[in-house]
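Go ahead and model the full structure; you've got the sequences and the hints to work with.
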Amino acid sequence: MWDYTDKVRDHFQNPRNVGVLEDADGIGEVGNIICGDAMKLSVKLTEDKKRIADARFQTFGCASAIASASALTEMLKDRTVEDASKLTNQDIADYLGSLPEAKMHCSVMGMEAFQAALADIRKKHPEYNLPGPATEEGDDRVVCECFNVTVGKIREVIRLNKLTTVEQVTYYTKAGGGCGGCKEEIQKILDEELGQAAQAEAKPQATPSPIAQTIKENVGPLTPFQKMRMIQTTFDSVIRPGLQDDGGDAELVDVEGDKVTIRLQGHCATCALADKTIEHWIEAKLREQVSAAITVTAVK
Amino acid sequence: MSEPLIYLDNNATTRVAEEVFDAMAPFLREEYANPSSVYPFAGPAAAAIAKGREQVATLLGAKPEEIIFTSCGSESDNAVLRSAVKTQVGRRRILTTCVEHPAILNTCRDLTQYAGVHVDYLSVDSQGRIDLDEAKALINEDTAIVSVMFANNEIGNIYPIRELSRLAHAKGALFHTDAVQAIGKVPVDLQNDLTDVDFLSLSGHKFHAPKGIGVLYRRTFAPFATYLTGGHQEKMQRAGTENVASIAGIGKAAELALLHIEEENTRVKALRDKLQAGLVATCPDAIVNGDQEHRLPNTLNICFKYIEGESILLRLWDRAHICASSGSACTTGSLEPSHVLRAMGLDYKALHGTVRLSLSRYTTEAEIDTALEVLPPIIRNLRELSPFGREE
Numbered sequence: 000m001w002d003y004t005d006k007v008r009d010h011f012q013n014p015r016n017v018g019v020l021e022d023a024d025g026i027g028e029v030g031n032i033i034c035g036d037a038m039k040l041s042v043k044l045t046e047d048k049k050r051i052a053d054a055r056f057q058t059f060g061c062a063s064a065i066a067s068a069s070a071l072t073e074m075l076k077d078r079t080v081e082d083a084s085k086l087t088n089q090d091i092a093d094y095l096g097s098l099p100e101a102k103m104h105c106s107v108m109g110m111e112a113f114q115a116a117l118a119d120i121r122k123k124h125p126e127y128n129l130p131g132p133a134t135e136e137g138d139d140r141v142v143c144e145c146f147n148v149t150v151g152k153i154r155e156v157i158r159l160n161k162l163t164t165v166e167q168v169t170y171y172t173k174a175g176g177g178c179g180g181c182k183e184e185i186q187k188i189l190d191e192e193l194g195q196a197a198q199a200e201a202k203p204q205a206t207p208s209p210i211a212q213t214i215k216e217n218v219g220p221l222t223p224f225q226k227m228r229m230i231q232t233t234f235d236s237v238i239r240p241g242l243q244d245d246g247g248d249a250e251l252v253d254v255e256g257d258k259v260t261i262r263l264q265g266h267c268a269t270c271a272l273a274d275k276t277i278e279h280w281i282e283a284k285l286r287e288q289v290s291a292a293i294t295v296t297a298v299k
Numbered sequence: 000m001s002e003p004l005i006y007l008d009n010n011a012t013t014r015v016a017e018e019v020f021d022a023m024a025p026f027l028r029e030e031y032a033n034p035s036s037v038y039p040f041a042g043p044a045a046a047a048i049a050k051g052r053e054q055v056a057t058l059l060g061a062k063p064e065e066i067i068f069t070s071c072g073s074e075s076d077n078a079v080l081r082s083a084v085k086t087q088v089g090r091r092r093i094l095t096t097c098v099e100h101p102a103i104l105n106t107c108r109d110l111t112q113y114a115g116v117h118v119d120y121l122s123v124d125s126q127g128r129i130d131l132d133e134a135k136a137l138i139n140e141d142t143a144i145v146s147v148m149f150a151n152n153e154i155g156n157i158y159p160i161r162e163l164s165r166l167a168h169a170k171g172a173l174f175h176t177d178a179v180q181a182i183g184k185v186p187v188d189l190q191n192d193l194t195d196v197d198f199l200s201l202s203g204h205k206f207h208a209p210k211g212i213g214v215l216y217r218r219t220f221a222p223f224a225t226y227l228t229g230g231h232q233e234k235m236q237r238a239g240t241e242n243v244a245s246i247a248g249i250g251k252a253a254e255l256a257l258l259h260i261e262e263e264n265t266r267v268k269a270l271r272d273k274l275q276a277g278l279v280a281t282c283p284d285a286i287v288n289g290d291q292e293h294r295l296p297n298t299l300n301i302c303f304k305y306i307e308g309e310s311i312l313l314r315l316w317d318r319a320h321i322c323a324s325s326g327s328a329c330t331t332g333s334l335e336p337s338h339v340l341r342a343m344g345l346d347y348k349a350l351h352g353t354v355r356l357s358l359s360r361y362t363t364e365a366e367i368d369t370a371l372e373v374l375p376p377i378i379r380n381l382r383e384l385s386p387f388g389r390e391e
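Chains as they are written, first to last, in numbering that gives the first Met the number 0: chain A, 0 to 299; chain B, 0 to 391.
Bear in mind the hints are in silico, worked out from the structure with no lab data behind them.
Where is the CB? At the ideal position from N, CA and C, for every residue including glycine.
There's no promise every hint is true.
[As the list claims (entries may be wrong)] A short list of chain B residues far from chain A (calculated; beta carbon distances all over 12 Å):
id	residue
1	Arg28
2	Thr111
3	Gly230
4	Glu383
[What the hints assert, rightly or not] Below, a sample of chain B positions facing chain A; criterion: calculated Cβ distance under 8 Å:
id	residue
5	Tyr31
6	Val118
7	Tyr305
Laid out in structure tokens, this is it:
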């Protein structure tokens, strides 16, 4: 059942500030139609470029996405740019009373849209000298390919919302909610953020099997037989269980040198994210466990 | 609730028929005996079970002894698949489809992980149809059981059960169909028509019986190994003291279903068709999903491009207390939209904007008229909010 506050329902039923500003100083666009939510925010500044004169939005998404965008525009109007640039997703959620945890990514989308709009203004109008948040190096590296989520966004959301589990990160950013291939990396980011990198608890499926370990510990390059055997072992002990966790499966069709041919089955065979699964997860796993030269192709 | 409710979500569950409630009531009050007891006080309870079994058997064209009462459709599905893996010694494959209910898909997944079974999944085309040639190619001497749903819960497609069950038997495999969505909506005749179906699952609450009662049909002599061990109930095929009231209820519901099956395929179907035609005519970029030639008479799955399903549902509720479902990510409880619509390869611009409207014999024309009045402005308004659908 919907667990929305009256304020969320009000902003959803009567959204404020819908549309696009023709004379906007900057436009922020985040999300996309494939992911299931997207937002376009246009922002106009006052004459002195110190305050936000107007903000309008368009949103494709669920009730809480629409309400979050509507709330954001109300919060932005008349605020100083400096003040507004400090707005967090939690501020949006607070403005609305609260949001269900699984819907927190809607408020994050609002925060991101405004940051994107600010970045757009800085790019188009460097003469405004807008204050901007400092970004860490490498922050724009994409961790979750399915939903296009960067390291920077994951770190920011973990810090702002004091998140502690991968599941929460998925609720707040959607990262890990598609093929799930980046869940380990999210865990690493969480561990770093929580200062527990040392005791990072590896997921069982990520542990190389004893056979793979034995072969790997043997010095020298792999013989074709060893390589094939390691591919088979990795496939059976890591890749298939991982896919099965998501209701899918795969079959190892052929191995020729470094070329691995597979066939996706179950959910994977029909998943719109199948290409990503192959490229970012199956291939990455085999490269990590067997050889960096491996390429994976899927046949029907 | 002051405002009237317009319940167009009958594939999710249905209201309990008054007659069903009345049939159950004595067994929740004065007739509380354990049907296995020996004194005459237990007579009415035992008789209610016998009657319920007969009524369900009549609906299916089955023999009463082929009816096993369970707690729900999911239990029936679990029982069959887990049994097949035990009884079909030496056969290690299951064939099913990628559009099954989670009761089948997750049981298959469990058997894959813990019983070393290999599962093959039939693919579907853009209308959700399966290919019999693919099925034929995938069924072999290693197939323990073929399990294909009678009708799909989301898009309403009816699958070729007769042909599939024959293909399964030709290779010595068992055949099961999850008929939870089909019962009461389309005729099912296991005696004369579907003679190669070994097992069939159904669930009471989808045809006006209460929740918590299901049936597993097991054809005489079909190999079966129980997974719920205990007492002698259901001829030791399913232990546990019988849910007497609900068995009386599902029996009555089966009797009523048989009486109303004609109405489902005439009046209810006409209302569904009116709803579909009205929405397609008034909402641009609306696409009907599924196989319109082989579809349940009560189901309409329609997508409205450029908008998201959950927001449609919330508006429907707020404007007219209309209950419906959506296959969008935000309503499936995960971040991914419906596995059925994804398997059909639906355009992503449309995938998130699907709404399922499912009728029942209690649906009135006035309710359909209200839905037709309320829905188009909701679609228009949400599209005005959306950044998509303008440039094309």
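Results of checking the hints against the structure:
no.: 1; hint: Arg28; result: 31 Å, holds
no.: 2; hint: Thr111; result: 6 Å, violated
no.: 3; hint: Gly230; result: 35 Å, holds
no.: 4; hint: Glu383; result: 7 Å, violated
no.: 5; hint: Tyr31; result: 33 Å, violated
no.: 6; hint: Val118; result: 7 Å, holds
no.: 7; hint: Tyr305; result: 7 Å, holds
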